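Student: Here is what each chain is made of, one letter per residue.
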Amino acid sequence: MGGPSDGQIKEARVAGVPPAGRTVGPTFKHMTERQVVIGHRLGLHARAAAKIVQLSNRYQSNISIFRNDRGGDIEADARSILSILFLAAGHGSTVAVRASGVDEHEAVDCICEYLKG
Amino acid sequence: MKTSERIIQGVMASAGVAIGHAIRAFDPLFISFNREIGAGEVAREVARFRASVEKCRQQLQRIQNKLRRSSSPESSFLVDAHLLILQDRLFVDRIVEKIETDSISAEWAIQQVSDELFDAYDRLQDEYLRERRGDLEDIVRRMLHNLRSKSTPSLPKLPFDGIVVGKTIPPSTLFELRSSHVVGLVMETGSPLSHTAIMARSLEIPAVMGVDDISGISTGDLIVVDGSRGIVVCSPDEDTIREYRSQMKPPLKPRRRAGAASTPCVTEDGARISVSANINFSEEMRAVVANGCESVGLYRTEFDFFRDGASPDEDSLAADYALVLRTARNVPVTFRTIDVGIDQKSWDGVNPNFGVRGLRFCLENQELFKTQLRALFRAASHGRARILLPFVSSVDDLDAALEIIAAVKRDLAQSKAPHGRNVPLGVMIETPAAAQTCDLMASRVDFFCLGTNDLIQYYLVIDRSDQSVVHLYNPFHPAILRCLHQVNALLQLTGKPVTVCGEMAADSASVAVLLSLGFTSLSVSLAAYPRMKQMIRSFNLGKLRGLADEILKMQKPKEVEDTVRASIGMEPSARP
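Protein chains in written order, with my numbering: chain A, 530 to 646; chain B, 481 to 1056.
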């Protein structure tokens, strides 16, 4: 399972949404993105997913998590517990956290810090 | 022509045969409200959906608060996940979108969106994550329940005989389906002792439970439910159907039933045995009267109490209970106060059978308990009410309950509200602790009921919802015989009457054991009532009593069972 493709992600399918509903959030001029290796033993399981939503709700920025899967990127809305679960990011996998908004740096720092475990 | 007939094995939960078309139901509510709405109704439908989300949120918040204060606050994180799903755009926003773009009812939109999400769960590689679909199932079930307000139309009558096939159908749902041509039930979970099974029997709906795999059954499939053998026949061929149809006897006309059932039950050798009826719902009272039952030995009030998903207010409860008693006329009705916790496997995996249920729940939720007691005492002026306390496990618990009852009576006397003054009070013996100490409780109460289902489960350490051990459940176990013998001996010294009201009282060989050990009062489900009375009339009490010493010395359940069966002219049992 590789990390997200290099550079900015232009196209991704949204975890848990059937093909017709595939969309990707708007690409913002200003954004912060960082890769992180999931340190939680069970990966992004229910408790971790809930925690990410709760953490994300503290920030105003839009926050997404991307995982590379067989060449394509899957995007999860960090405020959607279901999409984080469907991202199915296991222990040791690499994800990219992207945020855009007034507090994007803090948001990415906070989420990455949590994902490291 | 031989078709692809296939038999699926389950366990017998409610006797009888049903032939009909399958209705696959994650929840039967799904099938009822899938309808298109007019464009003008969309805004109202969205508002209705949002209100159900908000109601879910409040309910979950309350549960979470309770969990945080409980002994296992760490389990409250499970509710976090539920609460977060309620605000998840993948779920909520898409349901709203579906209602708006497709002009469909909220229920249908919920089904479509949740089906997509369940597919997404199923595609996950990680088994642990796949299991999390239970979170969404819970939410969806709760949401559908909340959407079903009193103003929503009730389930329409099906145009065919329907057999509901699902993983778990709650007893209250089965009850709601009773008048819509549902003739059978197939469940993946459950056992003969689950509450849904009890419900199915009281509604006389044949049911098979604990079926390994129902995935091969689709809505519309013709299936046969053989509740007496515990099997489901899929795609039955014509011979099979013909054979089953010949077994399905037309039901007895109510008047004939009353004739057989309303005369007193006297054994062949002239001994009077009291037979009362168990009911789960107030509506069954009419059938009690029509059947000429001499009394209601057990009215399990929790189903009516929680029928609308919330706790009712005292006035409406008092009115309901008064109606029950007026319908009963002179027939005494034993109201068992709410016993919650049973059958509802809580989502944090705690087995409620060993936790806060029955009287324990009432002592922890005193306001709820007082509401019910006040309603009961107020209604008691309309007939012959008796109050029975469930799951009593110590004299301390009993005394705590009696104190609350005394306080309720004092309040009612002061407020000068009309209420019954001489309401007999009883204790349910269904824990080993109560069986061992019933004589210590006797001076405090007027009567006892012996709940054999729970007693056996606790004595033999068998979780009756656990399919892997349910076959070990055996009322003929020497431990049970000794326990019953002891309870009867202890209570005879006190002079307080006892009625046996579990499943044991509705099985011929078990009844023979009970009579042999000295019990003379039984209470059985309404469906079994005429049959049991008829059967006991053919028994010889003297002969059965003579067996007591012999069966109490036996080492194996099978010996006991076969001995009593022989004494009442039955073949040895097929049970190993």
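Since the hints were made in silico from the structure, they are not lab data. Certain hints may be false.
[To be verified] Computed far set for chain A versus chain B, every beta-carbon distance over 10 angstroms:
1. 576
2. 609
3. 615
4. 617
5. 635
6. 643
7. 646
[What the hints assert, rightly or not] Derived BS3-like pairs (lysine-lysine); straight-line CA-CA distance at most 27 angstroms:
8. B:896 x B:850
9. B:1036 x B:1023
10. B:546 x B:850
11. B:647 x B:535
12. A:580 x B:535
13. A:580 x B:850
[Claimed, not checked] The following label-pair restraints were derived from C-beta to C-beta distances:
14. B:940 x A:566: 33 to 39 angstroms
15. B:603 x A:586: 24 to 30 angstroms
16. A:560 x B:489: 35 to 41 angstroms
17. B:592 x A:621: 43 to 49 angstroms
18. B:700 x A:560: 25 to 31 angstroms
19. A:566 x B:577: 31 to 37 angstroms
20. A:621 x B:610: 27 to 33 angstroms
21. A:566 x B:538: 22 to 28 angstroms
22. B:763 x A:621: 55 to 61 angstroms
23. B:700 x A:566: 47 to 53 angstroms
24. A:560 x B:573: 19 to 25 angstroms
25. A:621 x B:527: 53 to 59 angstroms
26. A:566 x B:489: 55 to 61 angstroms
Only a predicted model underlies this, so the values are computations on that prediction, with no experimental measurement involved. Every residue, glycine too, gets a C-beta built ideally from N, C-alpha and C.
Student: Now look at each hint and say whether the structure bears it out.
Tutor: Results for each hint:
no., hint, result
1, 576, "violated (5 angstroms)"
2, 609, "violated (5 angstroms)"
3, 615, "violated (5 angstroms)"
4, 617, "violated (5 angstroms)"
5, 635, "holds (21 angstroms)"
6, 643, "holds (15 angstroms)"
7, 646, "holds (16 angstroms)"
8, B:896 x B:850, "holds (17 angstroms)"
9, B:1036 x B:1023, "holds (21 angstroms)"
10, B:546 x B:850, "holds (20 angstroms)"
11, B:647 x B:535, "holds (25 angstroms)"
12, A:580 x B:535, "holds (23 angstroms)"
13, A:580 x B:850, "violated (40 angstroms)"
14, B:940 x A:566: 33 to 39 angstroms, "violated (51 angstroms)"
15, B:603 x A:586: 24 to 30 angstroms, "holds (27 angstroms)"
16, A:560 x B:489: 35 to 41 angstroms, "violated (58 angstroms)"
17, B:592 x A:621: 43 to 49 angstroms, "violated (36 angstroms)"
18, B:700 x A:560: 25 to 31 angstroms, "violated (52 angstroms)"
19, A:566 x B:577: 31 to 37 angstroms, "holds (36 angstroms)"
20, A:621 x B:610: 27 to 33 angstroms, "violated (20 angstroms)"
21, A:566 x B:538: 22 to 28 angstroms, "violated (39 angstroms)"
22, B:763 x A:621: 55 to 61 angstroms, "holds (59 angstroms)"
23, B:700 x A:566: 47 to 53 angstroms, "holds (50 angstroms)"
24, A:560 x B:573: 19 to 25 angstroms, "holds (23 angstroms)"
25, A:621 x B:527: 53 to 59 angstroms, "violated (46 angstroms)"
26, A:566 x B:489: 55 to 61 angstroms, "violated (48 angstroms)"
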